[in-house]
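Please take these sequences and the hints and turn them into a complete structure.
Protein chains in written order, with the numbering used here: chain C, 1 to 362; chain H, 1001 to 1065.
To be clear, the hints were calculated from the coordinates, so they are not data collected in a lab. Backbone N, C-alpha and C define an ideal beta-carbon position, used for all residues, glycine too. It is possible that some hints are incorrect.
No more than 20 angstroms apart at the CA atoms, straight line, and that leaves these computed lysine-lysine pairs for PhoX-like [unchecked claim]:
1) 81(C) to 1025(H)
2) 1055(H) to 305(C)
3) 296(C) to 85(C)
4) 296(C) to 1024(H)
5) 67(C) to 360(C)
6) 1024(H) to 305(C)
7) 1063(H) to 85(C)
Coverage of chain C stretches by chain H, computed from C-beta distances (three or more under 8 angstroms per stretch; other residues unrestricted) [stated by the list, open to error]:
8) 296-304
9) 330-343
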Amino acid sequence: MLASRDKISIRQAIILFIMTVTSSSLRLFPAYAAKTGERAGWLSPLFAMIPFICLVYIIQALFKNNKEANLSDVIYKVLGKVFGKAILILYLIWMLILLGTFMRYFVERFLSSVLPNAPIHFFTVSLLAVVFFAVRGGIVYIARTTEILFLIFSIVFTLLFLLNLSNVEIINLFPVTHYDLWPVVKSSFAIIGLWCIFPFIFFFGDRINDKEHIKRFGLQGTVYLVITAFMVLIQTIGSYGYSVIERVSLSYIFVIKSISFLDTIERIESVALANWVIADFVTISVVMYILVNITKSLFSVSDEKSLVSPFTIFAFILSQFIAGNRFELENFSSYVLVPATIVMGFAFPLIILILGKIRKKI
Amino acid sequence: MGYLMLVIVILSINDILYLRSRGKKEICVYLLLMVLVGALVFFYYSDTERDSFAKIIFSLIGKEG
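What follows is the structure, given as structure tokens:
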């Protein structure tokens, strides 16, 4: 039962998080797992699960005595106003970079799959217009829409997986020996990097009810995340083998293209792409809402609606400025975004928790 | 760039009219953000062929993009 109509439940927040990372999961996991973990790369979610569970416990501990607070409030409480503001500025810049990167990936996906000659602005403006109105509506509207979209996404995703199972060959996934252990651990790095977005959701923690259940719903979310990551990796690496998948950009779409059901249902990559757009919409909306909330905390302002416009235009420009081409963008993700997100999403909350405990603020 | 500047102006007028009842601080923060946005727009469109953000970061950390 929601305590306020302006707030969302922790279950809705976890769904928002899952949908936020889904788009990047489909893009990042197969290529990274195939490149680093090779044949055993599909096992990497198992190893990524452990730090993620730790992260859920860290966040639960941060909000144990701060049920009405958001992450910014906790940062201020632990680090004080000056250091707190410095950390928040860092998060603000980081989220802006993430916003620009996610926008650009959304555009690049269309350009490299179904509409290669379309102008880049067409996609950016289309998505940003929808996101603009969604975010201005507030988090309750985004969360409720995402609940429905989550259901649609899950059904379509599972159906495509089942249709693709006939293409999966066991020889592409096995044998797995103890020599694969270290490569698999290394390949889980990208997955951890992405899942470390989890704490950022709590920048609008003051709009989330039942924070005492973070652990419970967080662990349920982990099960969903691990299962979907397995599904993505099994159908990609399992269908074409790691040597092909590591070389293909958009391997998920590439694999979906090969689906043929009773020789009648073929070339259904547009369905997968439409499904992917759903995830993109949620990703961009959530990141923008996080930015709005960090700004609110940083400048102690109360209005959300008006802050959406500057960030929409930021997203438009940054999506073009962030990288010159797709290869640059992918390298930027692998070498900069993934490690830095682990620092911002895992190391920082852990440090804040430790400092909070030492200073008896949490 | 012209169209984008037009969009910025229209959005700014609309938002400032909305913010009038909310106090000066809200308007100041909004204007600060919009000025930053305007600066970024001007910076980017003054030379769209300049090095991308990723390339600048790569050169800073000494890595090949």
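- prompt: Which of the numbered hints are not met once you compare them with the structure shown?
  reply: 2, 7
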